[in-house]
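Fit chain to chain and form the complex, with the hints in mind.
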Amino acid sequence: MQKIGVFVCWCGSNIAATVDVKAVAEAVKHEPGVVYSFDYQYMCSEGGQSKIRQAILDYGLTGIVVCSCSPRMHEQTFRKAAASAGLNPYMVEIANIREHCSWIHKNKDEATEKAIILARTAIAKLNLNKPLVAGESSVTKRALVIGGGIAGIQSALDIAEAGYEVDIVEKSPTIGGRMAQLDKTFPTLDCAACILTPKMVDAASSDKINLYTYSEIEAVSGFVGNFSVKIRKKARSIKTELCSGCGVCTEKCPSKKAKSEFNMGLCNRTAIYIPFAQAIPNVPVIDREQCIKFKTGKCGLCQKSCPAGAIDFTQQDEVVERQYGAIVVATGFKPISLENFDEFSYSLSPDVVTSLEFERIMNAAGPTKGQLLRPSDNTHPHTIVFVQCVGSRDTSGCGKPYCSKICCMYTAKHAMLVREKYPDTEVHVFYIDVRTPGKNFDEFYRRAVEEYGVNYIKGMVGKIAEKNGKLMVQGSDLLANEQIVIEADMVVLATAIEPDETAKSLATMLTASIDTNNFFTEAHPKLRPVESPTAGVYLSGVCQGPKDIPETVAQATAAAAKVIGLLSKDKLLSNPCVAGSDEMLCNGCSGCEKVCPYGAISYIDKEFKAAGKVEVRRVAKVNEAICQGCGACTVTCPSGAMDLKGFTNRQIMAEVDAICR
Amino acid sequence: MPIKKSKNGEFKPLIVAFCCNWCSYAGADLAGTSRLSYPAEVKIIRVPCSCRVNPMFVLRAFQRGADGVIICGCHPGDCHYSTGNYYARRRMTLLFSMLDYLGIERGRTKVEWVSAAEGVKFSTVMNEFSKTIHDLGENKKLGDLRCKEFLD
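If you're matching them up, the sequences are chains A and B in order.
For the first sequence, our numbering begins at 34 and goes up steadily by one.
For the second sequence, our numbering begins at 15 and goes up steadily by one.
Hints in this document: simulated from the structure, not taken from any laboratory.
Check the hints yourself; a few may be wrong.
[Stated by the list, open to error] Simulated restraints, written as ranges between beta carbons of each label pair:
1. A/D638 x B/V134: 46 to 56 Å
2. A/Q87 x B/G23: 43 to 53 Å
3. A/G93 x B/R104: 15 to 25 Å
4. A/R321 x B/E142: 49 to 59 Å
5. A/K289 x B/V134: 48 to 58 Å
6. A/P671 x B/E142: 50 to 60 Å
[Claimed, not checked] Straight line, CA to CA, 20 Å or less: simulated EDC-like cross-link-like pairs of lysine to aspartate or glutamate:
7. A/K141 x B/D114
8. A/K627 x A/D638
9. B/K145 x A/E143
10. B/K135 x A/D427
11. A/K139 x B/E24
12. B/K26 x A/E143
13. A/K367 x A/D427
14. A/K139 x B/E142
15. B/K26 x A/D548
16. A/K174 x A/D240
17. B/K26 x A/D142
18. B/K154 x A/D690
19. A/K204 x A/E294
20. B/K135 x A/D548
21. A/K272 x A/E249
Since the model is a prediction, treat every value here as computed from it, not as a measurement.
Note that the Cβ used here is the ideal one computed from N, Cα and C, for glycine as well.
This is chain B alone, in the form it adopts within the complex (with noise of 0.2 Å):
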């Protein structure tokens, strides 16, 4: 399990963002271009298509601990593959009710559109969603199921 708390015993969380190769991931660069910053507990998958992200991905990353999985693509309409961005909206719209009704918390989940030019976006998406996963705390429902009492 990875340590949740820094050196001065803050909690600190641990968020995946999936982002599409074409927009987001080009946003994310622009935003480092720009030094817009955000919190470091935000770690970068690129992916060619926000399509590509598997809801098993989300799953696992809950799964081995993460407190809030963020997936970035193209605005609708823009997606560098026409639809790939619609089929990601649908799934994880599914996805996200699901880990609602296990008990991960509708705000540790998000989908959000940000293209290439939009550095300042990513930046701000990527602070408010942290600040999200800062108030929501550690993810422990999940952390129940795991029977993380046995495991320490």
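Bound conformation, chain A alone (with noise of 0.2 Å):
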């Protein structure tokens, strides 16, 4: 028989508001197995842990029971502070009286009646823990970064710095992602490149970092500490290793059509090219679908010329296996496609371009050397109009319910720039509202009304048409309480981004939560913002939520400090809450090694003395470093062999009864 104690929080008036928590810790007094009841104003504070050790050691207490907020918010607080008090840490149960209980009530009775339903259905369930000892396992030394941006260029280069290996894995052929786009950054306007490209220059020459760029992450398995990663490094078509990158080959190269992915499309690239000046590494990589040569097997005019005989037509891809402790995701964001927003004529126009495309277009190494010029008919317009929140804000369904963040600024800084260097052109924005949260932002926006001149109007944007080679954007002025209608040469609109179109299948590949939005979901929003819920694997930058340079580069070394946390590690303690199976009543069916998704369930051959008898039998047995603890195993084994420590079927069973009774 257990002896078991209750712990009635009060969370100040969080829970003692709503529930009657003298009334719980009188009610749970008779249920079975309970020899100490007990409230308190905060249990997670010093004074509320060491009652609870305390009354351990007073009473000789083998569980507590303690009914307070969410045991994923202080489930370990309490496990150390029972641990503490020699009590094994597993045999504590939370009664989560707080989120699913005072929080959503407001009838008192009711919500004091449930609170000791759900005091004792964790009291029932307690009086079958058993104590559990966590197991070990050893850490692999070396992290994985996922994205090259800046936000996976950051966190690996901290990372790089505490002395540990890290591979940056980056799906295009060089790292820099979308800041190595940008033209100017906000709010200090220092040029993107000049602040990235020696990030860059650090990260391919420091030792510690190894770069696969034009690769991609294929398969991972394992679990913290011991990550397995396949990254498939495609087929660049260029022997690195001889390659100088002098560039001849993209000169020679007679395939000029295709778009430039770097520059937005707004010109074209040659079938081999790399991407961009700076670019690293600073190798080229042929487009198999544009190649002329892999296309109607003439040409192999790069091969002809390349100085340092560094082309390889027949190059396949890749696959390489890694072995990792731990995993940053830094996989960043694209803007949204413009195909359900038809009344801003994107498709229609060249002249209408979303902010990414604009930046180019200022951008000194850009299609334009920098020079602002109509996509249409390269001269320069006179009037443009700035829209904000294309796409943004939108819950008509056709955009993204969440604010991008990034775009007010950034069309403040685009107006700002716009006016600095044409001072004859007239500038408009329309916007829903200004947004400038952050540290020296607002200043940067009043710059860029009251010192450039750039004319805000409060308001969406209805329709933009195209009439005598002008746009004509219709919109309303929310504060004069009038439409307008501006005569504009070209119209830029701040289109929402959203998470890069490979973190869904990523999330799924790390067993990673995401949201609705595809955007990677933190442990807790608040206290673990740069962990993902699954252990060992940590998030970084825009792959976790919009955010701009400062707060990336912050979230990118936080991840790196988490990383070189658990790298530091020399042995990890595992979850003891994993299945195991009754060699007496298995009957070694195989069901459970079918369905476990991690492969932790194999089959020995063991021999059993009964009456006398020996028999060699087929059990199921299992790898309790591997075992993740789902319980998948459990429901399927026929016989009832397999079982899952700490959540054991007496256990539910018992939580169903005391609910129902």
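This is how it looks when you write it as structure tokens:
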């Protein structure tokens, strides 16, 4: 028989305002096994924890139930408190009477009744708990960073700084990501390339960092400390070790019709190409869909002209398997497709561009060499209209319900840059709200309005139509309460951003969760913002939610700190709530082996002595280091031999009984 | 047997919700943090994964007088353990059709996907499920199987 102590937390007034905590503490006294109950204002505080420790010692408790907030919040806290008083940490159960009770019910009688039921459910389960001991597993002292943008680069640099090896896997031919495409960065207006490229060079030259560019993640298996990852190195058709990056091949290539991805399709590139001048590695790649040699078998001009003999048309994709202790996801973002927004004439007029395209137009290394020219006729636009929230904060279903966060600031930046370089240009900005929460952000926006004379119009744009080479922008001015039409030469759409298209499949491979917008979910929105709920997987940058460069870098460094903390350990404690098979009941049917997603179950032939006879039977054996404790096998087992520690059939059944009593 | 009447004599159903630890339990936490209410008759049992829900648990709940059982897991493709929710979906499809045959109406059983970010969905799902159970009334048919009149 257990000796159970029940501790009911008030959580200040969070619980006590809607749940009669004294009544709960009183009611549970009569539950089986309960020898002590107690209520306290803040059970998680040092005062509360010391009361728990004291009660464990005074009453010789064999288990405790804490009626408090969600176990996702403080289960670890109370397990530690119990352990410090000599109790097995798995003899602690939490009754969630805050998130699942006091915060959602208003009627005090109802909430108190429910809290009592939840408490007795936890008690019923605890009566069947057994002490569990966590196993140990080793840690592979190498980290994987997925994505080579500023987030990935920063995380990798910080991890390498601490002395651990890091691999960066980047799907495009170069690292640098979105930031490499930008012209200037707000609110300081320093040039993106000037601050990014030194970091790219640092990453490439670090002896701790290994770059896998033009590579993709193919499969991920294993668990925290021991991930095994298959990386597909796509065929560049170039022998990287021979190539000097001279660029002769790109000059000779006769296939010049492919749209340049780096320049957002505003100009063309050759079939063999280096995305941009500062690309790292500075090695070209052949786009096999565009290459004449691959399409017709004739050509090969690049091969003939290459002084190093580095071109290799026969190169194949290569899949390598590497081991890692921790994984950082830094897959970044892309602008959304504007196919649902016909009213802005994006597909009809080349002079309606997205902000990222505008960024390339303004960039000195861009298609217009930094001159502000309309894409349609290469003339200088005299009136530019910026439209904010294109697809952001859109609950109609066409766009995204969230705020993309960066658009207000980069639109102010664009407007300011245009006015600075071309003071003869009229600049109008349509906005719903201007959001500038950041250091020096509001000052920056005010400068755009006050010093640079940018005309901000509160209202939405209803329609953009082309007329006589001009763009007629129809919108509403909410402050003047009138409909207006602006005759513009160029329109820039502050397009919403969304997670990269690889995020979803990657989340599945990593078993990390994503939200309805495909952003990776953090383990706790406030207290564990850089960890995914999957142990050993960390989040860096926009893959977790829209953010600007300073925030991205901060999160990247935070994720790196978490990785370093993990890799600095020699052993990790594993979750003891794993499956186990009762060999006396197992009939060797293989059902459990088939449903196990981790391959943790194998079969052994074992000798059993029964009634003087020795028989050999085939029985299931769980590898506890591999089992993650999902419980799929326990339900499949027809003989009831398989059970999950910490969540046994009897325990859950007891919970059901306690609720339905 | 649990008391199914509130003080003013209204039918107060008993609903057992199995929630997976990674998505739906966190979704329920978020509903709580966001103060999104749903009826107190919903009681949540935490399981590591929706695939941990043994059909026995559902049967047991009905046997002990539950009026409705709902199982919540991660969205298909998002399972923390990759494939657990697919097993849950298939098992429960079979179980629910058998329960329907036994006289436990389809409306009393449900599988729903709620992610950790969907506090609003969790509360909506629970409100709707509870309303369905209210409309169906007490789960009497199985009560008959238990020879309730002899127990009273």
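Structure-based check of all given hints:
no.	hint	result
1	A/D638 x B/V134: 46 to 56 Å	holds (53 Å)
2	A/Q87 x B/G23: 43 to 53 Å	holds (46 Å)
3	A/G93 x B/R104: 15 to 25 Å	violated (47 Å)
4	A/R321 x B/E142: 49 to 59 Å	holds (52 Å)
5	A/K289 x B/V134: 48 to 58 Å	holds (51 Å)
6	A/P671 x B/E142: 50 to 60 Å	violated (35 Å)
7	A/K141 x B/D114	violated (36 Å)
8	A/K627 x A/D638	holds (18 Å)
9	B/K145 x A/E143	holds (17 Å)
10	B/K135 x A/D427	holds (19 Å)
11	A/K139 x B/E24	holds (18 Å)
12	B/K26 x A/E143	holds (11 Å)
13	A/K367 x A/D427	holds (17 Å)
14	A/K139 x B/E142	holds (19 Å)
15	B/K26 x A/D548	violated (34 Å)
16	A/K174 x A/D240	holds (15 Å)
17	B/K26 x A/D142	holds (14 Å)
18	B/K154 x A/D690	holds (18 Å)
19	A/K204 x A/E294	holds (13 Å)
20	B/K135 x A/D548	holds (12 Å)
21	A/K272 x A/E249	holds (19 Å)
Comparing the model with each numbered hint stated earlier shows that hints 3, 6, 7 and 15 do not hold.
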